[in-house]
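Novice: Take a look at the letters that make up each chain.
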Amino acid sequence: MQNKDDLLRQYRMMMVMRRFEEEAARNYAKGKIGGFLHLYIGQEAIAVAVTEVLEERDYIFQTYRDHGIALARGMSAKAGMAELFGKDTGCSRGFGGSMHFFDVDRGFLGGWAIVGGHLALAAGTAFKSKYAGEDSVTVCFFGDGSINIGGFHEAMSLAGLWKLPVVFVCENNQYAMGTPLERTSPLKDLSIKAKGYGMVGDRFDGHDVEVVQARINEAVDRARTGGGPTFIEVLTYRFRGHSMSDPAKYRTTTELEQRKQQDPITVVREKLMGLGVDESALDDIDLEVDEEIDEAVRFADESPPAREDLMMSTVMAPEGES
Amino acid sequence: MRELRYREALREAMLEEMERDERVFLMGEEVGHYQGAYKVSEGLLERFGERRVVDTPIAEAGFAGVGIGAAMAGLRPIIEFMTWNFSFVAFDQIISNAAKVHQMSAGAIKVPIVFRGPNGAAKQVAAQHSHSCAPFYTNIPGLYVIQPSTPRDAKGLLKSAIRSNNPVIFLEGETLYGVKGEVPDEGVEELIPIGESRLVRPGADCTIVTWGRPYYTVLAAAEKLSGEGIDCEVVDPRTLRPLDTRLMVESVKKTNRCVVVHEHWPYGGPGAEIVDRLQREAFDYLDAPLERVTGLDVPMPYALNLEDKVLPTEERVIDAVKRVAYAS
Chain G
-4 MQNKDDLLRQ YRMMMVMRRF EEEAARNYAK GKIGGFLHLY IGQEAIAVAV TEVLEERDYI
56 FQTYRDHGIA LARGMSAKAG MAELFGKDTG CSRGFGGSMH FFDVDRGFLG GWAIVGGHLA
116 LAAGTAFKSK YAGEDSVTVC FFGDGSINIG GFHEAMSLAG LWKLPVVFVC ENNQYAMGTP
176 LERTSPLKDL SIKAKGYGMV GDRFDGHDVE VVQARINEAV DRARTGGGPT FIEVLTYRFR
236 GHSMSDPAKY RTTTELEQRK QQDPITVVRE KLMGLGVDES ALDDIDLEVD EEIDEAVRFA
296 DESPPAREDL MMSTVMAPEG ES
Chain P
19 MRELRYREAL REAMLEEMER DERVFLMGEE VGHYQGAYKV SEGLLERFGE RRVVDTPIAE
79 AGFAGVGIGA AMAGLRPIIE FMTWNFSFVA FDQIISNAAK VHQMSAGAIK VPIVFRGPNG
139 AAKQVAAQHS HSCAPFYTNI PGLYVIQPST PRDAKGLLKS AIRSNNPVIF LEGETLYGVK
199 GEVPDEGVEE LIPIGESRLV RPGADCTIVT WGRPYYTVLA AAEKLSGEGI DCEVVDPRTL
259 RPLDTRLMVE SVKKTNRCVV VHEHWPYGGP GAEIVDRLQR EAFDYLDAPL ERVTGLDVPM
319 PYALNLEDKV LPTEERVIDA VKRVAYAS
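If you read the sequences in order, they're chains G and P.
Read in order, the letters of the first sequence are residues -4 to 317 in our numbering.
Read in order, the letters of the second sequence are residues 19 to 346 in our numbering.
Isolated chain P, as found in the complex (with noise of 0.2 angstroms):
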């Protein structure tokens, strides 16, 4: 295996698709001339040419619009947004078209389209900026909603998502496209099945659900408590929409307590939703209530030491271990 970055693993993910099949397109602003807001479509254009590597004007309702109609007529678009901040003014285009279109014509009309960018908070960007929007989409069924931690996921995930029949939200991080990771080496085609969890790290004494950005605050975190002599099993749904939740109730069936910690707000949301699953699946074998660290219940703050504060820390996520291991 070598080492490539989230951004990379992405831009390889997008690449092999298109090299694959030619109903297979870009589309969103910035992703052509200019190479990508966060450089994830670098070299694209060069690539595939402006047919493919669609530059468009600010209108993220028009184009997921078009991108939606394209694949109901037979195309598979990758719909960029430079961040899911700006798709909420595309919000009934996915909601009301994309996701409805497949049931209201009994199955006749299918929409593979794959919509992704960075998600969630970057660094200091402020209320708007900064939205986790998880909770948004996974409510709505007719949609697949991915959010992949490391750069495998990332990659696997991708063309899983562009080779579905079916409108996929594909929630990256921008605070993650630098991070490096293992994925197979040129040549190894690897897709990862949408709906299937990953069991990321074992231990034997509290279950850590997680995904995103915390993934690697709660790694950070796992490592301290085994310090501490506390053995935390780590598991990454990766999916959030279905959710596989076969290994987090095995997991817990096991280590009899979890936390859930997760980057979007506190109320509902796929966080909300794997608590109301692991109490019914699991509820014989809990030692402790379940505990979620969240973001804080606020808009995001300009100032870095209130985002510090609201986003999901070490030390929360040991808090939390700590009380529900009754160690604390």
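Next comes chain G alone, as it looks inside the complex (with noise of 0.2 angstroms):
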């Protein structure tokens, strides 16, 4: 059990990235975001779960449903919005959009968004601290859409031959867009495959942030003292579509409806007033969390625009030692 100021803390970095999808999906539909735009809401307390158990010398690989995992680790809801509204101020200056969120300096190395094809560069960072003797760990991301291409299989294997210090999370969020995973598996338990790849496999559910962050802090502990990679499958739910050009046809409303019941945010809510938290204490926060990402979308809109003169002397690195 967590106290109640690191329950506390993580309420409000879940509202922080519940309204921040909120708003880019009602800026997207005044189209001041445009291209892909692929939302988190729902799958809040995993990403918050990591952030909570890595070091900032770790490496974190993500989907295009980067955003919610940009922001637990530390990216300001300004950087945020600004790279969606394709400003200079944005964390990839325009060039990266939604799909492409950096932020190198806290170790997020990317949202990526061919599927499946950056589970391998994950195995590569954690390849890197291995061979530097370093005991920094990776965690990659990816969805249950990955788990069938050639990409996860090259990297599962590599990373459990070489025992890299990387964990692989897929969030099992039921739908590969709008196909469910039982028409693109045959497996129910994805953690099996694990096996194959002589890695340890790990499986639960993850609307309730503490067991997220106990049981990947196993997972994480056991690459930083060299006992390899973990596989794990969170099992979550997106409450939206797969991008805002879906609308979620292929499912039942019951069936969102019930998953609602288990809404991540909910459950640490309660969890707090369980505590002695007062329901009060904790709108003050959710009215804090408003007026910061008010100001994020304040901020995007004012920002200058993404700079012609960058587009260009970005393609190659600068040459020189380095």
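Hints listed in this document are in silico derivations from the structure and should not be mistaken for laboratory results.
Some clues are possibly wrong.
[Stated by the list, open to error] Here are some, though not all, of the chain P residues that point toward chain G, as calculated from beta-carbon distances under 10 angstroms:
1. E78
2. I86
3. L93
4. V107
5. N115
6. S123
7. G125
8. I127
9. Y162
10. R219
11. P220
12. A306
13. L308
Glycine included, C-beta positions come from ideal geometry on N, C-alpha and C.
Since each chain comes alone in its own frame, lean on the hints to assemble the complex.
Specialist: As structure tokens, this is what we get:
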């Protein structure tokens, strides 16, 4: 059981993520945000739990559903929202957009938008840790839609073979875009795949931040102390469609409503009230978060556009000693 | 200067750079215990150990990606593809990740990595093992593409590639590995800059631009042509992206005619790019249409008599030069 202050901090972060995504959706509808937009609503407990466990020197990779983890890792809502608006003040200076958030100083090495393509990169930063004798750990997120593609198999194979300090976190939100898991996988329990790669597997629900934190902690510890990689399947659910263009007609309202009973934010809220926190104190946090996100939207709106002069100069890195 | 084989020159480049920089390591299939499928990495395992000479399973997408991730975190990997034909299963790693992340992260992430291995036809290895890959990779902003023709260029350019802060596609030639050539003596360090072409043979009557395996075909053809009174100037771009057109433009301004000779297919690619740039940059100096001698536009057949037809031959080079010189 965590103490109240930890839970309050985690609650606040989950609210930041939730409100950030809701505002992103609103501004997408207004035409302020372009391209694809994939929301993390419903999955917040996982990103929060992982960042609670990690050290500053650790690396994180995520798919295109990357706003939540970036915020949890400490990126400001301003830098995130400005990126969605395609502004120079964005975390990727308007070159990445929703799917390619980066925050290198915080070890967040990106949102990646080719399914399965970033798992080997995560094995690569873990390879570097081992090569250099460092005790940093890499956590790599991906969805249940990634488990059939070759990139998954090759990254898992090499990570297992070389016992790399990496934790593969499959956020199983039950749908690969519009196709439910039972139509894409013969397995109900994906975590058994770990065995085939010579690594430890784990599987648990992702709606309770405390549970997620404890179990992720075991895997990160294992990686940090030379015990090799872990493949984790976290059972979760997204309350919105795959992206903004997806009305999610492939699932029933009943299913969605049932899942919302396990909203990770409600779970923490109830825990906190159980610990004697006043509901009004939580409402105050909500208001504070609302203001923070409103401010981020204003900031994004008023920021200067992405810079044309950086377009050619960032194709290749400058040469010379480094 | 001493003479080295092309493969020895490459090995020296890797060895010297690995000695110089602890962050450099070699990874690929059979690079260690087997001593390299083409013996380019022979002896490196004994010298540097398994930590820095890393044998991989057959998983090109996997180890290309591991290399890119390691480079993002500050190492300087050399990733060997047993042949470039196998790079296609790692294409996404190279195109979507290595070539993109520097700009996608607004310059925050660098990918100092070299992908190297033999490229192009060997002998009778048929359609799936005979790709000349320059066109695929030269199309991509975010990559450097190097294709050295001689041992000296192979060594000097590989050293520069390893020290580069960017992803480099390094296309060797399987049929060139045994070629001997002059290389600076031990202890004399030569770094050949990426993106600089070289004047190979001076001449007055016709410019030939060529690189890779046909380089040697062209030199033989030029000898024959000089016996017939046609004096060819040969320019080797050495790096295909970025492309240095300075010497070839100067040459065409002098000779007023040009033939581009390359192994890759005729549709697009650096061959067509060179023709496009020359017609714009030297239009007023041209006395004949630019010609190309290319690999024929077919998948590579197995039979030797057919393979010999597909690859650029001396005869085809000589015919093309005579056509642009109006000498046939």
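Novice: Which hints, by number, does the structure contradict?
Specialist: Those not satisfied are hints 10, 11, 12, 13.
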